[in-house]
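Student: Residue strings, one per chain:
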Amino acid sequence: MMKTEAGEAFRSRVRSFLDRELGEGWPGIGALTPEERAVFRGRWREALREERLLAPTWPEEFGGGGLGLAEQAILQAELVEAGVPVLPLDTDQFAFTLIGPTLLHWGTPEQKARFLPRMLTAEDRWAQGYSEPGAGSDLFALSTRAVLDGDEWVVNGQKVWQTAAQDANWIFALVRTEPGESRGRGISMLLIPIDQPGVEVRPIRTITGEDEFCEVFFTDARTAADNIVGPRGAGSKVALTLLGFERGSASGALYAGYRIELDRLVALVRDRGLDQTDWVRDRIAQAHLRLEMLRYLGERNLAGALSGAPPGPESSIIKLYESEYHAQITELALELLGDDAVAWSGEPGVAHLGPDPLGSPSSPAAWIRQFLTSRAATIYGGSSEIQRNTLGEQVLGLPREPRPVQEAR
Amino acid sequence: MMKTEAGEAFRSRVRSFLDRELGEGWPGIGALTPEERAVFRGRWREALREERLLAPTWPEEFGGGGLGLAEQAILQAELVEAGVPVLPLDTDQFAFTLIGPTLLHWGTPEQKARFLPRMLTAEDRWAQGYSEPGAGSDLFALSTRAVLDGDEWVVNGQKVWQTAAQDANWIFALVRTEPGESRGRGISMLLIPIDQPGVEVRPIRTITGEDEFCEVFFTDARTAADNIVGPRGAGSKVALTLLGFERGSASGALYAGYRIELDRLVALVRDRGLDQTDWVRDRIAQAHLRLEMLRYLGERNLAGALSGAPPGPESSIIKLYESEYHAQITELALELLGDDAVAWSGEPGVAHLGPDPLGSPSSPAAWIRQFLTSRAATIYGGSSEIQRNTLGEQVLGLPREPRPVQEAR
Amino acid sequence: MNTQAERDELRSVVRSFLESAQDLAAVRTALEHGHDAKTWTRLTGELGLGAVGLPESHGGTGASLGDLVAVTEELGRLLDPGPYLPSLVLAARLLTAAGGQEDLVAELAEGRRVATFVAAADDGTPLAAREQDGALVVSGVAPAVVHGATADILVVVADLDGAPTVVLVESGAPGVEVQPLPAVDGTRPLAAVRLTDAPATVVAAGAAARAALAETLCSARIALAAELVGVAQGALDLTTAYAKERQQFGRAIGSFQAIKHRLVDVMMEVEASRTLVRRAAEAVDEADPRAEELSRLCKAAASEAALLAGKASVQVHGAIGFTWEHDAHLFLKRAMGASRLLGSARDHRQHIAALLLDGHAATLEESR
Amino acid sequence: MNTQAERDELRSVVRSFLESAQDLAAVRTALEHGHDAKTWTRLTGELGLGAVGLPESHGGTGASLGDLVAVTEELGRLLDPGPYLPSLVLAARLLTAAGGQEDLVAELAEGRRVATFVAAADDGTPLAAREQDGALVVSGVAPAVVHGATADILVVVADLDGAPTVVLVESGAPGVEVQPLPAVDGTRPLAAVRLTDAPATVVAAGAAARAALAETLCSARIALAAELVGVAQGALDLTTAYAKERQQFGRAIGSFQAIKHRLVDVMMEVEASRTLVRRAAEAVDEADPRAEELSRLCKAAASEAALLAGKASVQVHGAIGFTWEHDAHLFLKRAMGASRLLGSARDHRQHIAALLLDGHAATLEESR
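Protein chains in written order, with UniProt numbering: chain A, 1 to 409; chain B, 1 to 409; chain C, 1 to 368; chain D, 1 to 368.
If you are wondering where the hints come from, they were derived from the structure by calculation, not from laboratory data. In this text, all values refer to a predicted model and were calculated from it rather than measured experimentally. Note that the Cβ used here is the ideal one computed from N, Cα and C, for glycine as well. Zero decoy hints are in this set.
The calculated lysine-lysine pairs, modelled on DSS-like cross-linking and capped at a C-alpha distance of 30 Å, are:
#	chain 1	residue 1	chain 2	residue 2
1	C	244	A	319
2	D	244	B	319
3	A	319	A	3
4	B	237	B	112
5	B	3	B	319
6	A	237	A	319
7	A	237	A	112
8	C	244	D	244
9	C	244	B	319
10	A	319	D	244
11	B	319	B	237
What follows is a list of derived Cβ distance ranges for each label pair:
#	chain 1	residue 1	chain 2	residue 2	range
12	B	203	A	399	31 to 39 Å
13	A	182	D	241	31 to 39 Å
14	C	133	B	278	47 to 55 Å
15	A	399	D	4	27 to 35 Å
16	D	29	A	399	32 to 40 Å
17	D	21	B	203	27 to 35 Å
18	C	250	A	4	48 to 56 Å
Whenever a hint applies, use it, and build me the whole structure from the sequences.
Tutor: And the structure:
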């Protein structure tokens, strides 16, 4: 990665900030107890916000940092390397990587002024409402509907696979508003307050035994008519716009996170006296190789974005590489643990998705959890099968599958 | 495998025959020079025929042995283990595993009396005419056609991927005889003499640099009207009948052949001082495991056939296992050879398809050839992809792919 | 020994019983509260399935491992949470092989008492035994004992003056400490067992103990491999049914090659492993010298097949397969646990490599 | 050093030239008769591509490895059968790194003479040198020398009294025996070279020779990895085009997921390897201490990508891909040869494991 003077100056600023806030000997958030972690998250979010690093690329008028993509990439990588969260609350990822950028692009001036600052203060905490039971990887096969009743939308239906909806008080949802239109064309994006009688949030327990997902039920739920993002019926376009935002800026953070994890795995190898075992050496070298591939694919993606080059296949490739890398590395971890991989012993892990942060334990419990959650990475946000279809069709130009006969008629 | 008294008595008979014919210290056909091999094949075929073991399950009236499936299985395994060919000439596989059994099932008494004995004497040497350029795994997408002109069929078209057609004087071919019908329904199986002006055989050089395949061109080629096998238009049914014949009887021979190969690979491991190298040990153990799986799947298949149980998924599974096993084992061989795998050095290998027989060299040239020919095993006789479709649909009951829109209309 | 038809009948007895008495909802109850004692006594005593594979001298139906694997495969397919493996496959068979103990084995077979197998590692690494005041006492730690917290009796492998010894320890005896573990596979509870001068009774010692242990572990690997085949088959059945029903992009997802071929790959491993398990059981029943080798081969194959099937099940089900409420993870976790028990695939491949490459080739030569 | 845009321009110069002057039919001619000398002199001298990556002092266009990999990737994509690797990537760079020899390097760059690299193994294991009658002679066997039978000059790694030494031997000198080998990859001829007291001229010795050799092998791994990326891309292009055209069961075979996903897997490895190659070249150009590590990583990655692509190409093409007349096998065989040259993927993973696990972690720490 080409280093620039401005970039390095910004990096110094971030490091000074980190030194100031974290002090000497900060072990990484993974080393805290769950209670300490909750306290730290609040304090740390406040520090980021005051430094205007919570939404670094947003305009300053909304509380953002007014920075560019390059700075954001540096910031995120530095934070992950230092063992502090980029987005401290679970709801923050939906606010700052999804609905916030969407509003910046599609929102009315009123929507921006109203919603963006409240994301920064966490007065509004956001959940995502895309998936529905039965829709799966087919994003636009949805049936939650909204009808305009005077100056309010009335929403009925069900959303599922929400993470963090327990803590949220707003949800942005794709709903069917133009019943005559089929599939992608009749959908709008609405912003809906959760704290109302028509919205019920129920937790879903996951494979790890934790309540990490939610279902959200809408029963005559209401939201103001102007809480629509973009034009009526343009919801699928609005939702897809998101995919282009912040291209590549997270790649440094992604790499840093997985590097911290691989370091932890190498330490486990040494602790167990397996560092001279041939198959372990080969697998570790292979993991290192795959991780470096992921790293430079990310850098290339970011460099392309910074230079204004049209998007290449990197983003989809990175997603596939990442999910498969993580499934493999956590499988290796269980193999290294051997007979200890049969019980959730030791300190529990920390991250909901993705690798555990700096300071996290290298216990059977933590690795088993990573193994199980890594199973989800090949499902979330478009299964690996769908990603491969997309790459095959869009990058290689291979023909699409023929449509089923029913549809063709 | 349950051993029976009758079976063991037959095995003793085969072994005595082998002792008598081969004498002490027979090293396996793989150890002969190409010239010695050609001479041996002729002599050996004569010995098998005289012992009525060339077509062991055919009725004695046609020169067969009148034996059952169980004896055939024992015979084939014993021959392969002893390092002698089951079917000495390249054309014999088409005669004895394809057209011969087909004629026994579908042929008229006149056809049986005329053709079967001449297969035994090798007066008639057979080639197979199924595939066409452009048809690939889609067996019935063929366009070679035949029209009845008086008491003769007149054949025009092209067949390809013939092995051994250079040495053949007859070909059995699937041709389109009922032009009104589509795909599978308009096809008949004809028997066509090759030694006529309307038939031209051209060699095709393969990936190994050898002329192993042929193309056969029919230009107003002629054959007698009664050289049709089964009813007109029933060719696809006739061809598919073949797949059920001799279920499982070759599995012991299959195992013996691959065991001989794996023994040769283990010897290579020792020769190269790699027998204490961890990854080599793991791969050899894995190869042994896969081979034993193949072995017992084969025994189960044969046992099912002998007990009259309906066919299970074993045959298709065995074909997939076998082709993937062979691709893997030959890749391992090249890895073991290391830098020696870059040149065709040493004695050349022996087998066209499948593992080299007993006594064959363990040279780079032989293993490279095996590596390359093993690439074909996942293509021949229905690609691995097609096999997986078939298994998914017929065994698991998964739905077929939707037909393309064009066809549905 | 039964014919394959009789075994298929045995298999369907187990299947019908479990399908009616203990569906996956009941298995989930066991995750929280342990296995249902009543189901266990019905399975063993009433249906007589506890007696399968044990000699008639010990109240069994005949010492056929082929029969036993028909039972354990079905137990795996329906994720039975009871103590069949520790009590009947390990403890009862070890006692039987060691000689005597007919009454205790009969009690285990009838489900009146439950035993488990205790060693420092599940390859039979011994704990330490010594004489104290004329009686035998045992000390040491077994880090992960199957059903350790609920067993009445511990069948312990111990070392007495350098000789392997099989001893009995009552779970309520002084010096027995049992600490339940948070097992990944909740359908098979684990506990750490620490013995501190726990009073013990000798069952067998020396060469007899060594032979009994080897024979038992060989059979147990095969029975557990059969269970893993069942687990893999159960996961495959669940996933195949889903792939037929579940529609996406206007078609059943099982019509997509990516799904179809993946399930075929699972099916192939299941079929091949099942075949190998049955051959291995036959080898034991025929006293074939290859039994030991085949037990390792089939345990390696079935372990990998079950993991493959469990992972495919979660993946093909998509997000629903990632929820606790869906059953896919129960199969994956059972595979994760059982694939490690009695040696992983890699462990067994190492043994096989030694047979093939370190000059112990006699049994392999025999195989041809 | 050029910008990426200039490199893309360089790349398209190579591509257009080869597409017009040396299509795959011409490559096939080279399989029988060796590479075409005229094409070689045009490529090097006329187009000046022999000077790429060499310093201006030696008649080059500037010592940028980033430029060189743009060229070798294209040479790989079109299966160039010329001696670019031995003469310009190995010999010329080793001479340059060793110091002096400006005239000879310029001759090599212009394609007027052809050199190759000779060592007992392609990791630089030396032959034996000694003084004889006041002159230096070299003896030993190099088992597989790239373009060994056609090179004019041998750049030999030798050991002189325990010190590594780079020497020159004329291929026509006494004591030089060359035996062509039947290479699997016919697009890159190999020969066994036996030297028996062949007269030699010293280029560099001791620490300077050792450093020059390490630097050259590092760069050569990267340039060869770029070639392998090109080979993989060429195989992928061929196969993708076929999958779009070829109809089976009423649809283009590329619409089937089994084919589509397989080609995507190949594409992913090609893209990732290419990215790694470019980063490695950058590291050399920036004197990054990670250059050595990255050279091994990208050689490992590109070797596997090319083999994957070659095997997929033969398989997806079906029976036609199994014929000599079809080009699929040319790519597979080039991948088979080049993936072994200068160390296989496994060899390099072993080096990487040593860096990661044997306490030489300094460069990896630096990487973060």
